[in-house]
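Q: This is what each chain is made of:
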Amino acid sequence: MKSKLVILLTSGLVYLGVACSHNNAQVIKPEELFKVPANFPKPVYDFSKNPITNDGFELGKALFYDGNLSRDGTISCAECHSQSYAFTHHGHDLSHGIDNKIGIRNAPPIQNMAFQKEFFWDGGVFDLDLFSIAPIENPVEMDEKLGNVLDKLRKQEKYTTLFQKAYGSKDITTERFLKALSQFMLTLVSANSRYDKYVRKEAGGTLTSDELEGLEIFKQKCASCHSGELFTDHSYRNNGLPVYNKDDTGRMRITAAETDSYKFKVPSLRNIAVTAPYMHDGRFYSLDTVLNHYSDGVIDSKTLDAALKQNQALGIALNKDEKLKLIAFLKTLTDDEFLKNKRFAI
Amino acid sequence: MKTFSYLLIALFVAFAIVSCQKEDEINPNDKNTVTLEFDNRVGDQKLVLGTTSAKNALNEDFTVTRLNYFVSNISLKNENGTVVKFPNKYFLVKHSDPNSWLIKLEDVPAGNYNEVSYMIGVDSLKSVSDVSQRTGVLDPASYGDDNMYWSWNMGYIFFKMEGKSSAIPMNMMNMTEYQFHVGGFGGMTGKTPNNLKTITLPMTTAAQVRGSVAPQIHIINDVQKVFSGVNQVSIAKSYMTHAPEAGIPIGQNYAKSFIVDHVHNEKD
Numbered sequence: 001m002k003s004k005l006v007i008l009l010t011s012g013l014v015y016l017g018v019a020c021s022h023n024n025a026q027v028i029k030p031e032e033l034f035k036v037p038a039n040f041p042k043p044v045y046d047f048s049k050n051p052i053t054n055d056g057f058e059l060g061k062a063l064f065y066d067g068n069l070s071r072d073g074t075i076s077c078a079e080c081h082s083q084s085y086a087f088t089h090h091g092h093d094l095s096h097g098i099d100n101k102i103g104i105r106n107a108p109p110i111q112n113m114a115f116q117k118e119f120f121w122d123g124g125v126f127d128l129d130l131f132s133i134a135p136i137e138n139p140v141e142m143d144e145k146l147g148n149v150l151d152k153l154r155k156q157e158k159y160t161t162l163f164q165k166a167y168g169s170k171d172i173t174t175e176r177f178l179k180a181l182s183q184f185m186l187t188l189v190s191a192n193s194r195y196d197k198y199v200r201k202e203a204g205g206t207l208t209s210d211e212l213e214g215l216e217i218f219k220q221k222c223a224s225c226h227s228g229e230l231f232t233d234h235s236y237r238n239n240g241l242p243v244y245n246k247d248d249t250g251r252m253r254i255t256a257a258e259t260d261s262y263k264f265k266v267p268s269l270r271n272i273a274v275t276a277p278y279m280h281d282g283r284f285y286s287l288d289t290v291l292n293h294y295s296d297g298v299i300d301s302k303t304l305d306a307a308l309k310q311n312q313a314l315g316i317a318l319n320k321d322e323k324l325k326l327i328a329f330l331k332t333l334t335d336d337e338f339l340k341n342k343r344f345a346i
Numbered sequence: 347m348k349t350f351s352y353l354l355i356a357l358f359v360a361f362a363i364v365s366c367q368k369e370d371e372i373n374p375n376d377k378n379t380v381t382l383e384f385d386n387r388v389g390d391q392k393l394v395l396g397t398t399s400a401k402n403a404l405n406e407d408f409t410v411t412r413l414n415y416f417v418s419n420i421s422l423k424n425e426n427g428t429v430v431k432f433p434n435k436y437f438l439v440k441h442s443d444p445n446s447w448l449i450k451l452e453d454v455p456a457g458n459y460n461e462v463s464y465m466i467g468v469d470s471l472k473s474v475s476d477v478s479q480r481t482g483v484l485d486p487a488s489y490g491d492d493n494m495y496w497s498w499n500m501g502y503i504f505f506k507m508e509g510k511s512s513a514i515p516m517n518m519m520n521m522t523e524y525q526f527h528v529g530g531f532g533g534m535t536g537k538t539p540n541n542l543k544t545i546t547l548p549m550t551t552a553a554q555v556r557g558s559v560a561p562q563i564h565i566i567n568d569v570q571k572v573f574s575g576v577n578q579v580s581i582a583k584s585y586m587t588h589a590p591e592a593g594i595p596i597g598q599n600y601a602k603s604f605i606v607d608h609v610h611n612e613k614d
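So the protein sequences, as listed, match chains C and D. Following this note's numbering, the numbering of the first sequence begins with 1 at its first residue and continues without gaps. Following this note's numbering, the numbering of the second sequence begins with 347 at its first residue and continues without gaps.
The following block holds chain C by itself, in its conformation from the complex (with noise of 0.2 Å):
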């Protein structure tokens, strides 16, 4: 009788367990916030230093909305990098920051953020734990120091609380704010649009027969610089454009090296139907264009990319049939459950 009741009171108990963390529909295990998808290479982000949990990612995320990160509070992370055009900012050649002052590159998507070793389209910033120091303190993005950020946080009881939760004291340091932020960017995972249910077999994974010659054009004619699964080879290149800004040296700002000039980072084209305009410096507003300068724009130059120049012919022969094969193709990277999924929202 007695086991019986000790059975009894445990199964209660088991059950109010169940039943609140059921309450609490927002808790995620973090190896659902993060997964690595079947067709994905290993991950680049040493997960160790920075565990995902639910609740870094929770603060991560409030973070990542808040216009506090700006100097005069009115700039979120989110303004320039919105999630139903894969974190861009849709409509603007040039990243808008605070006052309306406008930056020199095009606001990249954020996506796949752990199977990338450099961020921005010069590759400055080699860890994602310290990119968003970037923005935060840009003149024309957020304007705003570090320090005050934090400074701001700390007078927050929202925030003191989240801190508390994700780390367990409520102290605001540099490094618990900037892995945060990581956190939330990390669990931004982009692999579940219609060509990634084909190549893995899923339902739901019918390729055209339009598409599918897309994608044999892209293997032959695109797929050595937009490479593997995330469609590109990370690398730096200079892919022929006429030069509207002769200051915006793209790699070789980094590097310094004269053979890195007007290179800039081959971007994924995860997304790419909804993340125009196109280009480091968003020139491009529609696919049209940017393959119309692959087959009749290429300029020539001292770095201008090998790829773009066989057989000295300039850029790539593409013909009009190929052009609306491969943008259909294009269109099957567009993965509505990643620029949907309410989890990414507030």
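Hint data in this document are derived by calculation from the structure and do not stem from the laboratory. All C-beta atoms in this analysis are idealised placements derived from N, C-alpha and C, irrespective of residue type, glycine included. A few of these clues could be false.
[What the hints assert, rightly or not] A short list of chain C residues far from chain D (calculated; beta carbon distances all over 12 Å):
{"hint": "1", "residue": "Thr161"}
{"hint": "2", "residue": "Ser295"}
{"hint": "3", "residue": "Asn319"}
[Stated by the list, open to error] Derived pair list, reagent style DMTMM-like, types lysine to aspartate or glutamate, alpha-carbon separation capped at 20 Å:
{"hint": "4", "chain 1": "C", "residue 1": "Lys152", "chain 2": "C", "residue 2": "Asp171"}
{"hint": "5", "chain 1": "D", "residue 1": "Lys537", "chain 2": "C", "residue 2": "Glu258"}
{"hint": "6", "chain 1": "C", "residue 1": "Lys197", "chain 2": "C", "residue 2": "Glu213"}
{"hint": "7", "chain 1": "C", "residue 1": "Lys49", "chain 2": "D", "residue 2": "Asp485"}
{"hint": "8", "chain 1": "C", "residue 1": "Lys152", "chain 2": "D", "residue 2": "Asp492"}
{"hint": "9", "chain 1": "D", "residue 1": "Lys472", "chain 2": "C", "residue 2": "Asp46"}
{"hint": "10", "chain 1": "C", "residue 1": "Lys117", "chain 2": "D", "residue 2": "Asp476"}
{"hint": "11", "chain 1": "D", "residue 1": "Lys537", "chain 2": "C", "residue 2": "Asp233"}
[To be verified] Facing chain C, from chain D, some residues (calculated, C-beta under 8 Å):
{"hint": "12", "residue": "Pro486"}
{"hint": "13", "residue": "Met534"}
{"hint": "14", "residue": "Thr538"}
Here the structure of chain C is known, so what remains is to put chain D in place on it, guided by the hints.
A: Frame of chain C; chain D shown alone:
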């Protein structure tokens, strides 16, 4: 009785001699603090921020409104060639903060040290370290309006000197300040310019660390040499120096701007 008195005197004298010798002897178990004092000057003038005015070798006038630099990887070499290192210690000398001019090295073993060496900057290992390693003067949140960290080209600004000069050409931005920001540790994923400078200075008077002697090494940094230590740096041309490559000539110059002026070995 008399004999006893002599004996007592003799003993006393002997004791006194022994204890005198003891003071000069190096007791391997003794330790003490060595202080490096960084005394920033402009030629033969005291450096008062925003006030002291001078001319460089190109006859360009200048003042200094800010002067900051990182000191790390300090080591002391004794007369036997043994090197005592102080790893993982990073200091930021800011001329605006006299407390920062004194760098205290604790627990230095007793010995006669005749060479001091240090790096201006933050070594490459630390420059690529996890954010958890970036505390104290390496915390990017600690700089306020006097930033010592490049976020866009990840790395610390090793040396920063700013000031006014009439040599600066009239420009659209109406700048009258020169800004020399020098950094660049060589790169992590790609090779980038390296402006790390190790400075090794002999000491004609050794720093004599004893249980009762905590030496102070008085180092003079003559910022006049920042313009001309090795290369002639023109304010008119280089007034906006904000990237590793551009900072190379200035880095080569300040690598030659430090000397050990004298060493204090007074007893506590």
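Q: So, for every hint listed, does it hold in this structure?
A: Going through the hints against the structure:
no. : hint                   : in the structure
1   : Thr161                 : 21 Å, holds
2   : Ser295                 : 31 Å, holds
3   : Asn319                 : 37 Å, holds
4   : Lys152/C with Asp171/C : 13 Å, holds
5   : Lys537/D with Glu258/C : 13 Å, holds
6   : Lys197/C with Glu213/C : 17 Å, holds
7   : Lys49/C with Asp485/D  : 17 Å, holds
8   : Lys152/C with Asp492/D : 19 Å, holds
9   : Lys472/D with Asp46/C  : 17 Å, holds
10  : Lys117/C with Asp476/D : 14 Å, holds
11  : Lys537/D with Asp233/C : 18 Å, holds
12  : Pro486                 : 6 Å, holds
13  : Met534                 : 5 Å, holds
14  : Thr538                 : 5 Å, holds
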